[in-house]
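Can you build the whole structure from these sequences, using the hints too?
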Amino acid sequence: MFKKSTWQRIAAVFAGLVAIVSFADAVLTLCQNAALL
Numbered sequence: 001m002f003k004k005s006t007w008q009r010i011a012a013v014f015a016g017l018v019a020i021v022s023f024a025d026a027v028l029t030l031c032q033n034a035a036l037l
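In the UniProt record's numbering, the protein residues as written are 1 to 37.
Just so you know, the hints here were simulated from the structure itself, not pulled from any lab data. No residue lacks a Cβ here, since even glycine has one placed at the ideal position from N, Cα and C. Take the hints with a grain of salt, since some may be wrong.
Pair by pair, the computed Cβ-Cβ distance ranges are [what the hints assert, rightly or not]:
hint, residue 1, residue 2, range
1, I10, Q32, 31 to 37 Å
2, N33, K4, 42 to 48 Å
3, T6, A34, 29 to 35 Å
Rendered as structure tokens:
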């Protein structure tokens, strides 16, 4: 039980980090495209 909840927390944190990184990458890409224009 304890390990399962711990892994769920780790998975949730990892998913959050991936979402933040992908969002930041999309923003940077938009900024680069705007700079090229």
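Checked hints:
{"no.": "1", "hint": "I10 to Q32: 31 to 37 Å", "in the structure": "holds (33 Å)"}
{"no.": "2", "hint": "N33 to K4: 42 to 48 Å", "in the structure": "holds (43 Å)"}
{"no.": "3", "hint": "T6 to A34: 29 to 35 Å", "in the structure": "violated (42 Å)"}
Checked against the numbered hints given earlier, the structure breaks only hint 3 and satisfies all the rest.
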